[in-house]
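First to last, the sequence lines map onto chains F and E. All residue numbers for the first sequence refer to the numbering used here, where the first residue is 1 and numbers rise by one. All residue numbers for the second sequence refer to the numbering used here, where the first residue is 1001 and numbers rise by one.
Treat the hints with care, as some may be off.
Here are the simulated lysine-lysine pairs, BS3-like style, with alpha carbons at most 30 Å apart [stated by the list, open to error]:
id, chain 1, residue 1, chain 2, residue 2
1, F, K26, F, K13
2, E, K1069, E, K1106
3, E, K1058, F, K26
4, F, K13, E, K1106
5, E, K1049, F, K26
6, E, K1106, E, K1058
7, E, K1058, E, K1069
8, E, K1069, F, K13
9, E, K1106, E, K1049
10, E, K1069, E, K1049
If we take Cβ atoms under 10 Å as the criterion, some of the chain E residues that face chain F in the derived model are [to be verified]:
id, residue
11, K1058
12, I1083
13, A1092
14, V1093
15, K1101
16, F1104
Short derived list, chain E residues pointing at chain F, Cβ under 8 Å [unchecked claim]:
id, residue
17, Y1025
18, Y1039
19, L1044
20, L1048
21, K1069
22, I1102
What the hints contain is simulated information worked out from the structure, not anything from laboratory work. Note that the Cβ used here is the ideal one computed from N, Cα and C, for glycine as well.
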Amino acid sequence: DAGVTQSPTHLIKTRGQQVTLRCSPKSGHDTVSWYQQALGQGPQFIFQYYEEEERQRGNFPDRFSGHQFPNYSSELNVNALLLGDSALYLCASSLSAGRGYTGELFFGEGSRLTVL
Amino acid sequence: AQSVTQLDSQVPVFEEAPVELRCNYSSSVSVYLFWYVQYPNQGLQLLLKYLSGSTLVKGINGFEAEFNKSQTSFHLRKPSVHISDTAEYFCAVILANRDDKIIFGKGTRLHILP
């Protein structure tokens, strides 16, 4: 049973560019959350997708957007990159409340974005 | 809104010694509590969780944590650490019985001394 997979694992961009990160959830999971983890910090919640819609959003600007596909996989898009966007981006999957959700998240290994 | 505070950013401890990593939370309603571990260059992995019931929760790798509602704490303990326990540990909280976002603490780096 494959866990959460993310791609790419590493990437380098320059300021002003756009980036797309991808995530496939653990088999059977229908909810995907994205977190930003800056160096030396805890993960910060970006947003959560369920049934192809953004259900919750953290304190991130509109430059951060996402999408969830019918197969539950998800993308995170960041436009107009800033130096401060350099971080590890973590995808986490879970079950929705109606399917036995207990708050536990299953994480991928992350996509490390460096903005120059 | 709920929040979580990890009181120590780094904890050095000798191998085979006991360790406690401290976590306090703030919430006006019932919560679920978690400890996650992050090994270098990896994602987060669940160590243990408290949902309800017994306040002493046992997790993987010999770790345990105790939920203390009166002190709003959820401290993580291990009686004897090993070099392989070197990692970053995150306490996390979520509102109980709701599809809500999980809030993480800033993390505690456990540094095992030989």
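Comparing the hints with the structure gives:
Using a Cα cut-off of 30 Å, the hinted pair K26 of chain F and K13 of chain F holds, with the two alpha carbons roughly 28 Å apart. Of the pairs offered as hints, the one joining K1069 of chain E and K1106 of chain E holds, with about 21 Å between alpha carbons and a cut-off of 30 Å not exceeded. For the suggested pair K1058 of chain E and K26 of chain F, the alpha carbons sit about 24 Å apart, so the restraint of at most 30 Å is met. This hinted pair checks out: K13 of chain F and K1106 of chain E have alpha carbons roughly 26 Å apart, not beyond 30 Å.
Between K1049 of chain E and K26 of chain F, the direct Cα distance comes to roughly 19 Å. Compliance with the 30 Å bound is thereby established for this hinted pair. Restraint check for K1106 of chain E and K1058 of chain E: satisfied, since their Cα atoms lie roughly 22 Å apart, inside the 30 Å limit. Between K1058 of chain E and K1069 of chain E, the direct Cα distance comes to roughly 17 Å. Compliance with the 30 Å bound is thereby established for this hinted pair. Restraint check: the Cα-Cα separation between K1069 of chain E and K13 of chain F comes to about 46 Å, which exceeds 30 Å; the hinted pair is violated.
Our distance criterion of 30 Å between C-alpha atoms is met by K1106 of chain E and K1049 of chain E, whose separation comes to about 18 Å. Between the alpha carbons of K1069 of chain E and K1049 of chain E the distance comes to roughly 15 Å, so the proposed pair stays at or under 30 Å and holds. At its closest, the beta carbon of K1058 of chain E sits 16 Å from a beta carbon of chain F; the interface hint therefore is violated under the 10 Å criterion. Look at I1083 of chain E: its Cβ only gets to about 22 Å from chain F, farther than 10 Å, so that hint breaks.
Because the beta carbon of A1092 of chain E sits about 8 Å from the nearest beta carbon in chain F, less than 10 Å, this interface hint is met. Against a cut-off of 10 Å between C-beta atoms, the interface hint on V1093 of chain E holds, since the closest Cβ of chain F lies about 9 Å away. Against a cut-off of 10 Å between C-beta atoms, the interface hint on K1101 of chain E holds, since the closest Cβ of chain F lies about 5 Å away. Checking F1104 of chain E against chain F by beta carbon gives a least distance of about 4 Å; that is within 10 Å, so the hint holds.
A distance limit of 8 Å between C-beta atoms decides the matter here; for Y1025 of chain E the minimum to chain F is near 13 Å, and the interface restraint is violated. At a threshold of 8 Å, the smallest CB-CB gap from Y1039 of chain E to chain F is about 10 Å, leaving the interface hint violated. A hinted interface residue such as L1044 of chain E counts as satisfied when its beta carbon comes closer than 8 Å to some beta carbon of chain F; here the least separation is about 4 Å, so the hint holds. Given the 8 Å rule on beta carbons, the hint for L1048 of chain E is violated: about 10 Å separates it from the nearest Cβ of chain F.
The closest approach between the C-beta of K1069 of chain E and any C-beta of chain F is roughly 17 Å, which is over the 8 Å cut-off, so the hint fails. Taking 8 Å as the C-beta cut-off, the interface hint given for I1102 of chain E holds, the closest approach to chain F being about 6 Å.
In this structure, the hints that do not hold are numbers 8, 11, 12, 17, 18, 20, 21, in rising order.
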